[in-house]
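Student: Single-letter residue listing:
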Amino acid sequence: NAGVTQTPKFQVLKTGQSMTLQCAQDMNHNSMYWYRQDPGMGLRLIYYSASEGTTDKGEVPNGYNVSRLNKREFSLRLESAAPSQTSVYFCASRALAGGLGEQFFGPGTRLTVL
Amino acid sequence: SQQGEEDPQALSIQEGENATMNCSYKTSINNLQWYRQNSGRGLVHLILIRSNEREKHSGRLRVTLDTSKKSSSLLITASRAADTASYFCATDGAGGTSYGKLTFGQGTILTVHP
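Here the protein sequences come in this chain order: G and V. In terms of this note's numbering, the first sequence opens at residue 8 and continues consecutively. In terms of this note's numbering, the second sequence opens at residue 2 and continues consecutively.
What the hints contain is simulated information worked out from the structure, not anything from laboratory work. Be a bit skeptical, because a hint or two may be false.
Here are the simulated lysine-lysine pairs, BS3-like style, with alpha carbons at most 30 Å apart [as the list claims (entries may be wrong)]:
1) V:K27 - G:K64
2) V:K57 - V:K102
3) G:K78 - V:K102
4) V:K27 - V:K57
5) G:K16 - V:K70
6) G:K64 - V:K102
7) G:K21 - G:K64
8) V:K71 - V:K102
9) V:K70 - V:K27
10) V:K27 - V:K71
11) G:K64 - G:K16
12) V:K71 - V:K57
13) V:K27 - G:K78
14) G:K16 - G:K78
15) V:K70 - V:K102
On a predicted model such as this, the values are computed, not experimentally measured, just so you know.
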């Protein structure tokens, strides 16, 4: 079991460029999440997918889009990157669509926008 | 905005001592979770306490929850150098449609000196 995997691990973009961050989980989890972590701060939720076929906004969705491609994969897209999107991005998954449960996190993608 | 406020922001202790971290939050919750993050890594779930529980133990970890004060504490007993990490509390909001959306505190950086 690889758990939650993310690609790429590191990325440098120029302002205005676009890119997609990939996330996959092999635990047959229903819910998936994208967070960003800025220095000295906790994680903030960008988007989430409660179950396959649904997505919804989190606390900081502006400038991002997501796709729940199938039960395993949940991608995050930056259409026109801005320096304010420089951050570490974490994907997570959870077994239950609702109710209690821990989240399992990927190793993160460190993104720098110049 | 961050739901949780953690205190202290940083804690430095010697191996064998106990470490206590506190978390306060603002709104009603289904449960509160604690996560650990080693430098440059993703988050790892430590323990979950439900809103109707007051105390929970897991190995060297003890978590308390006081919903009347909207606060929680994490105690790590007999700390080890390997416990050096950042610790985050995260709240899962009340209501059946929370979908596991976690709101994180800004974290406590724990350093355990050998």
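Student: Against each hint, give a clear statement of whether it holds in the structure.
Tutor: Cross-check of the supplied hints:
no. : hint           : in the structure
1   : V:K27 - G:K64  : 21 Å, holds
2   : V:K57 - V:K102 : 22 Å, holds
3   : G:K78 - V:K102 : 18 Å, holds
4   : V:K27 - V:K57  : 21 Å, holds
5   : G:K16 - V:K70  : 40 Å, violated
6   : G:K64 - V:K102 : 10 Å, holds
7   : G:K21 - G:K64  : 25 Å, holds
8   : V:K71 - V:K102 : 18 Å, holds
9   : V:K70 - V:K27  : 9 Å, holds
10  : V:K27 - V:K71  : 7 Å, holds
11  : G:K64 - G:K16  : 24 Å, holds
12  : V:K71 - V:K57  : 16 Å, holds
13  : V:K27 - G:K78  : 33 Å, violated
14  : G:K16 - G:K78  : 22 Å, holds
15  : V:K70 - V:K102 : 22 Å, holds
The structure is inconsistent with the numbered hints 5 and 13, although it conforms to all the rest.
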